[in-house]
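Residue numbering for the sequence shown follows my numbering, beginning at -6 and increasing consecutively.
Just so you know, the hints here were simulated from the structure itself, not pulled from any lab data.
The model shown is predicted, which means the values in this text are computed figures rather than measured ones.
Just so you know, even glycine gets a beta-carbon here, dropped at the ideal spot from N, CA and C.
Distance ranges between label pairs, derived from CB positions: (1) G77 <-> V34: 20 to 26 Å; (2) S75 <-> L37: 14 to 20 Å; (3) G77 <-> L37: 19 to 25 Å.
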Amino acid sequence: MKYTQIPALVGAILLTISGIRAQSPDFYFTLDSATAPPNQVVCLHLRAYGFEKIVSLQFAIQWDETIVELAHTQNHALPGWSGGDFFTMSNDCLIGGWTEPVGLGYSIP
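Given only the sequences and the hints, what does the whole structure look like? Please build it.
Below, the structure written as C-alpha coordinates:
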(Lines of atoms letter the chains of each structure in order from A and count residues from 1; the text may use other names and numbers.)
(Lines give C-alpha, C1' and ligand atoms only; values in the text may rest on other atoms or scores of the structure.)
Protein backbone atom coordinates (compact mmCIF):
# COMPACT_ATOMS: atom_id res chain seq x y z
CA MET A 1 0.00 0.00 0.00
CA LYS A 2 1.29 3.42 -0.86
CA TYR A 3 -0.93 5.73 1.20
CA THR A 4 -2.43 5.71 4.66
CA GLN A 5 -6.05 6.13 3.60
CA ILE A 6 -7.43 3.08 1.86
CA PRO A 7 -11.17 3.89 2.22
CA ALA A 8 -10.68 5.88 -0.99
CA LEU A 9 -10.00 2.48 -2.49
CA VAL A 10 -13.72 1.73 -2.34
CA GLY A 11 -14.39 4.52 -4.80
CA ALA A 12 -11.25 3.80 -6.82
CA ILE A 13 -11.92 0.13 -7.46
CA LEU A 14 -14.07 -0.70 -10.41
CA LEU A 15 -15.41 -4.23 -10.23
CA THR A 16 -16.89 -5.39 -13.50
CA ILE A 17 -18.55 -8.75 -13.81
CA SER A 18 -19.03 -9.87 -17.38
CA GLY A 19 -20.51 -12.93 -19.00
CA ILE A 20 -22.23 -14.22 -15.88
CA ARG A 21 -25.24 -16.43 -16.29
CA ALA A 22 -26.43 -17.70 -12.94
CA GLN A 23 -29.67 -19.25 -11.78
CA SER A 24 -29.94 -16.81 -8.92
CA PRO A 25 -30.61 -13.15 -9.72
CA ASP A 26 -28.99 -12.49 -6.32
CA PHE A 27 -25.49 -13.34 -7.59
CA TYR A 28 -22.97 -10.57 -6.83
CA PHE A 29 -19.46 -9.86 -5.53
CA THR A 30 -18.14 -7.59 -2.77
CA LEU A 31 -14.57 -6.51 -2.07
CA ASP A 32 -13.32 -5.56 1.39
CA SER A 33 -11.73 -2.21 2.13
CA ALA A 34 -8.90 -1.51 4.57
CA THR A 35 -6.85 1.29 6.09
CA ALA A 36 -3.11 0.77 6.45
CA PRO A 37 0.09 2.73 6.97
CA PRO A 38 2.26 3.34 3.88
CA ASN A 39 3.95 0.22 2.47
CA GLN A 40 1.87 -2.11 4.67
CA VAL A 41 0.52 -5.32 3.13
CA VAL A 42 -3.20 -5.97 3.65
CA CYS A 43 -5.52 -8.66 2.37
CA LEU A 44 -8.78 -7.65 0.68
CA HIS A 45 -11.31 -10.47 0.46
CA LEU A 46 -13.38 -10.87 -2.70
CA ARG A 47 -16.65 -12.56 -1.71
CA ALA A 48 -19.43 -13.99 -3.87
CA TYR A 49 -23.10 -14.21 -2.91
CA GLY A 50 -25.86 -16.21 -4.57
CA PHE A 51 -23.24 -18.59 -6.00
CA GLU A 52 -25.58 -21.33 -7.26
CA LYS A 53 -24.80 -23.73 -10.11
CA ILE A 54 -22.15 -21.48 -11.64
CA VAL A 55 -20.40 -23.08 -14.62
CA SER A 56 -17.95 -20.28 -15.42
CA LEU A 57 -17.23 -16.63 -14.69
CA GLN A 58 -14.90 -13.82 -15.68
CA PHE A 59 -14.27 -10.54 -13.91
CA ALA A 60 -11.96 -7.55 -13.88
CA ILE A 61 -10.90 -5.50 -10.87
CA GLN A 62 -9.38 -2.09 -11.52
CA TRP A 63 -7.87 0.28 -8.95
CA ASP A 64 -5.98 3.54 -8.66
CA GLU A 65 -2.33 2.48 -8.88
CA THR A 66 -1.21 5.61 -7.01
CA ILE A 67 -3.00 4.19 -3.95
CA VAL A 68 -2.75 0.40 -4.25
CA GLU A 69 -0.17 -2.04 -5.54
CA LEU A 70 -1.21 -5.67 -6.11
CA ALA A 71 1.12 -8.18 -4.46
CA HIS A 72 -0.60 -11.48 -5.31
CA THR A 73 -3.81 -13.51 -5.07
CA GLN A 74 -4.29 -16.41 -2.66
CA ASN A 75 -6.86 -18.75 -1.10
CA HIS A 76 -8.63 -19.58 -4.35
CA ALA A 77 -11.74 -21.26 -2.97
CA LEU A 78 -13.22 -22.78 -6.15
CA PRO A 79 -12.38 -26.26 -7.50
CA GLY A 80 -9.55 -26.08 -10.01
CA TRP A 81 -9.00 -22.33 -9.46
CA SER A 82 -5.41 -21.16 -8.91
CA GLY A 83 -3.19 -18.12 -9.20
CA GLY A 84 -2.59 -19.08 -12.84
CA ASP A 85 -6.20 -18.12 -13.61
CA PHE A 86 -5.44 -14.43 -13.01
CA PHE A 87 -3.82 -12.00 -15.43
CA THR A 88 -2.64 -8.46 -14.74
CA MET A 89 -3.28 -6.16 -17.68
CA SER A 90 -1.18 -3.38 -16.12
CA ASN A 91 -0.37 -2.13 -12.62
CA ASP A 92 -4.03 -1.22 -12.11
CA CYS A 93 -6.13 -4.09 -13.50
CA LEU A 94 -6.54 -7.76 -12.57
CA ILE A 95 -8.57 -10.14 -14.71
CA GLY A 96 -9.78 -13.44 -13.30
CA GLY A 97 -11.61 -16.34 -14.81
CA TRP A 98 -12.86 -19.72 -13.69
CA THR A 99 -14.60 -22.70 -15.25
CA GLU A 100 -16.13 -25.45 -13.15
CA PRO A 101 -14.08 -28.56 -14.05
CA VAL A 102 -17.01 -30.97 -14.45
CA GLY A 103 -19.31 -28.54 -16.27
CA LEU A 104 -22.38 -29.25 -14.15
CA GLY A 105 -22.30 -26.03 -12.16
CA TYR A 106 -20.90 -25.41 -8.69
CA SER A 107 -22.69 -23.96 -5.66
CA ILE A 108 -21.35 -22.45 -2.43
CA PRO A 109 -23.70 -21.64 0.46
